[in-house]
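Protein sequence lines correspond, in order, to chains A and B.
Counting in the working numbering, the first sequence runs without a single skipped number right up to 784 at its last residue.
Counting in the working numbering, the second sequence runs without a single skipped number right up to 784 at its last residue.
If chains are identical, the list can't say which one is meant, so a pair holds when it fits in one copy or spans any two.
Derived lysine-lysine pairs resembling DSSO-like cross-links, with alpha carbons at most 30 Å apart:
id	residue 1	residue 2
1	Lys-696	Lys-644
2	Lys-500	Lys-757
3	Lys-744	Lys-638
4	Lys-744	Lys-530
5	Lys-530	Lys-500
6	Lys-757	Lys-744
7	Lys-530	Lys-638
8	Lys-696	Lys-757
It should be emphasised that the hints constitute simulated quantities derived from the structure, not laboratory data.
Chain residues, written in single-letter form:
2 protein chains.
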Amino acid sequence: MLPIAVDAMGGDNAPSDIVAGARTAADDGIPVVLVGCRDKLGDIGDLEVIEASEVIAMDAEPGSSVRRMKDSSLVRAAEAVRDGRAAAMVSAGNTGATMASALLRMGRISGVARPAIATLIPTPGSTPTVLLDSGANAECQPEWLVQFAQMGAVFAHHRLGIDGPRVALLSIGEEPGKGSPFVKEAHGILEAATIGGAEFIGNVEGRDLMTDGVDVIVTDGFTGNVVLKTAEGAFKALLTALLTAMTGRPEALDAAEVLTPELDGLYREFHPDTYGGAMLLGVKGVCIISHGSTNAKAMRNAIGVASEMVRADVVGHLTAAVAS
Amino acid sequence: MLPIAVDAMGGDNAPSDIVAGARTAADDGIPVVLVGCRDKLGDIGDLEVIEASEVIAMDAEPGSSVRRMKDSSLVRAAEAVRDGRAAAMVSAGNTGATMASALLRMGRISGVARPAIATLIPTPGSTPTVLLDSGANAECQPEWLVQFAQMGAVFAHHRLGIDGPRVALLSIGEEPGKGSPFVKEAHGILEAATIGGAEFIGNVEGRDLMTDGVDVIVTDGFTGNVVLKTAEGAFKALLTALLTAMTGRPEALDAAEVLTPELDGLYREFHPDTYGGAMLLGVKGVCIISHGSTNAKAMRNAIGVASEMVRADVVGHLTAAVAS
Numbered sequence: 461m462l463p464i465a466v467d468a469m470g471g472d473n474a475p476s477d478i479v480a481g482a483r484t485a486a487d488d489g490i491p492v493v494l495v496g497c498r499d500k501l502g503d504i505g506d507l508e509v510i511e512a513s514e515v516i517a518m519d520a521e522p523g524s525s526v527r528r529m530k531d532s533s534l535v536r537a538a539e540a541v542r543d544g545r546a547a548a549m550v551s552a553g554n555t556g557a558t559m560a561s562a563l564l565r566m567g568r569i570s571g572v573a574r575p576a577i578a579t580l581i582p583t584p585g586s587t588p589t590v591l592l593d594s595g596a597n598a599e600c601q602p603e604w605l606v607q608f609a610q611m612g613a614v615f616a617h618h619r620l621g622i623d624g625p626r627v628a629l630l631s632i633g634e635e636p637g638k639g640s641p642f643v644k645e646a647h648g649i650l651e652a653a654t655i656g657g658a659e660f661i662g663n664v665e666g667r668d669l670m671t672d673g674v675d676v677i678v679t680d681g682f683t684g685n686v687v688l689k690t691a692e693g694a695f696k697a698l699l700t701a702l703l704t705a706m707t708g709r710p711e712a713l714d715a716a717e718v719l720t721p722e723l724d725g726l727y728r729e730f731h732p733d734t735y736g737g738a739m740l741l742g743v744k745g746v747c748i749i750s751h752g753s754t755n756a757k758a759m760r761n762a763i764g765v766a767s768e769m770v771r772a773d774v775v776g777h778l779t780a781a782v783a784s
Numbered sequence: 461m462l463p464i465a466v467d468a469m470g471g472d473n474a475p476s477d478i479v480a481g482a483r484t485a486a487d488d489g490i491p492v493v494l495v496g497c498r499d500k501l502g503d504i505g506d507l508e509v510i511e512a513s514e515v516i517a518m519d520a521e522p523g524s525s526v527r528r529m530k531d532s533s534l535v536r537a538a539e540a541v542r543d544g545r546a547a548a549m550v551s552a553g554n555t556g557a558t559m560a561s562a563l564l565r566m567g568r569i570s571g572v573a574r575p576a577i578a579t580l581i582p583t584p585g586s587t588p589t590v591l592l593d594s595g596a597n598a599e600c601q602p603e604w605l606v607q608f609a610q611m612g613a614v615f616a617h618h619r620l621g622i623d624g625p626r627v628a629l630l631s632i633g634e635e636p637g638k639g640s641p642f643v644k645e646a647h648g649i650l651e652a653a654t655i656g657g658a659e660f661i662g663n664v665e666g667r668d669l670m671t672d673g674v675d676v677i678v679t680d681g682f683t684g685n686v687v688l689k690t691a692e693g694a695f696k697a698l699l700t701a702l703l704t705a706m707t708g709r710p711e712a713l714d715a716a717e718v719l720t721p722e723l724d725g726l727y728r729e730f731h732p733d734t735y736g737g738a739m740l741l742g743v744k745g746v747c748i749i750s751h752g753s754t755n756a757k758a759m760r761n762a763i764g765v766a767s768e769m770v771r772a773d774v775v776g777h778l779t780a781a782v783a784s
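Just chain A, same shape as in the assembly (with noise of 0.2 Å):
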C-alpha cells in the first residue's frame, strides 16, 4: 500500500503530537509520510517528509488559503493523493482548508454534486451513528441529500460493518409533513430515491442522534455542524458537572476514584477523538479530517482510519454508489 500523507502542520497540537501519533502508526506496520517542513517536525525516527514551506492557519479563511498558499502542508498532502505518491491524506488542521485542498487537487468523483463530511456520533451500547454532512455545505439543495444518503450508506457499511444501513432525514418530528421547506422537499425526493443496499426510514429528531435506532443520519451542513458541535458542547457539560459534584465532598471523591476505570471507559466512548476523524465522502481519495484537538493517540486512530478506507476501496464503492 502507498503510505498516508500526514498533514504534519495542522492541529493545536502540530507538529509534536501528529509527529508521534504517525511514528506509531509506523511502528504498527501503517506505511505513513509526513507533510510540512523538515525542519520544525523535530525528532521524526525513520519517517519520509514531503517538504511543505507554508501553514495554512487554523483560523485562516479556507477558499483563499488554499488558493494562494501551495506551498502549504495541506495543499501538498492532497497533491500527494492526486499524484500517486500517497494512498489517503489526514489532517488535524483547518477544517474549511483540508476540504478546499482535497476538493481542488483531488476532484471530485464523478456526479458527486457536492461531497460532505461524515461524522461518527457516539451511541452508548451501540454502533455510531453516521452524521453527514456535518459541515461541508452550509446551504445545500434538497436532492444533494440523495447522495449524501447514497455515500453515508457505503460508509457505515465499510466503516462500521452495518449491513442494510436505515437511513434517515434530521427533521423536527416524525411525520413526513414536518420540517423546514427544505426538509419536507427532502423527505419526498429521498422516498422516491434508490439508496444501494440500505433501507431509507423517514425522519428522526435530534434525540434520536445517539440511539440505536438509526445509522445514517442525512441533514444540510449548517444543521449538522450545529448538531455536531451541540453533542460536543453536551458531553463536556455534562462532564465537567459530574467531575465537579464527585469532587465536592471527600467520600465522593474517593468513591469517583473507585469508579476510575468506568468514567475512563466513558470518557473515551464520548469523546469526540475516539473514532479517529471524520471523512469528507465524495472526493477522488480518501480525506480524513480530525478534530483540531487531536492529541497523539487520535492522530494514531485517524491514521488507523484512513489506512481501513484505502484497504476497503471506499471510494470505489462510493463511486459505484452514487454512479447507480
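On the provided structure of chain A, position chain B as indicated by the hints.
Same frame as chain A, now just chain B:
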C-alpha cells in the same frame, strides 16, 4: 392575581400528575384553575374547573385540531386568559396545538411578526442559556431574529435576573462571514438593530450553548428545535451510559451508591423538567409550554414560573421591547 389556567388533559401523565402538580401549587398559595373534563380529573381537592369536553391528542395536527375542537382544554385555557378569567395558561400537551391555541385566542402582541418559543438550556455552574426560537417557526425570515433577540433579552432579565444579557446568533463559526445565507443576513440585521438593555455579541456555535459565555441564543425554529432535542438526547444517552457503567462491577455499584446525592443533583440540573417549561413569547398573555413527560413536580414548577411571569408583567415588557 387571577388564577393560572392549567390544561389538566395535556401531557403523557395527564390528568393525574397534572392535577397533583396543580394542587401542590395551590397549597403553596398560587391561585390555580383546572381546565378539562371534570368527571375525568379524579380528586381535585378545592380546585375550580373550567369545563372542556374535548382533548387534543399529543400527536394531532395542531392547526386543524385547534380550529375544529373549540371545546378542547387547550382552546378553553387560552380563552380563559383572553377573557380575563385567568392570568396565564400552562400545558404539557401537544406543543403545536398549545402554540396555535394561544396565538389564535390571545393574539399576537402588536408589532410581533411571529411568536417564538424560549427554552432554558442548563449551563453547569451558571444561569441557563435562553434558546429561541426552539420550535414555533420551522421557517423564519432573517429580520424576525431581531424580535427574537429583543424578546429573549426581556425574558432573560425577568426569568433569570440577568442584567444586560449577552445575545448571540447561532452559527457554525464565530466570524460574521460564517454560516448559511440566512445566518449571514441575520447577522447584519442584528448588528444594525437596537436590542434594548442587551448586547449583541455576534455568532456562537453549538458548543457554546451550555457555557456561560452567552445568555440568549437566537436561531430559526427548525435549528433551535433540533439543537434542543440533540442536547436532551445527549443528556439521556450519557446518563444511561453512566448508570450502565456504574452497575457493572460490585465495587462500582457501591461507589455509585455513595455518589447518589451528586448524581441526583446532576440529574436535576440537566433534566428538561427542571426549569418548568418553555415560554411562548409574543402572544398577548403568559403561555407556558411544558415537556410532554411532565410529572407532578415539574407541573408545580411550571405553574410557579407562570405565576412569576405574570407578577413581573413580562407581557408588558415584551410589548414595550418590540415597540421600541
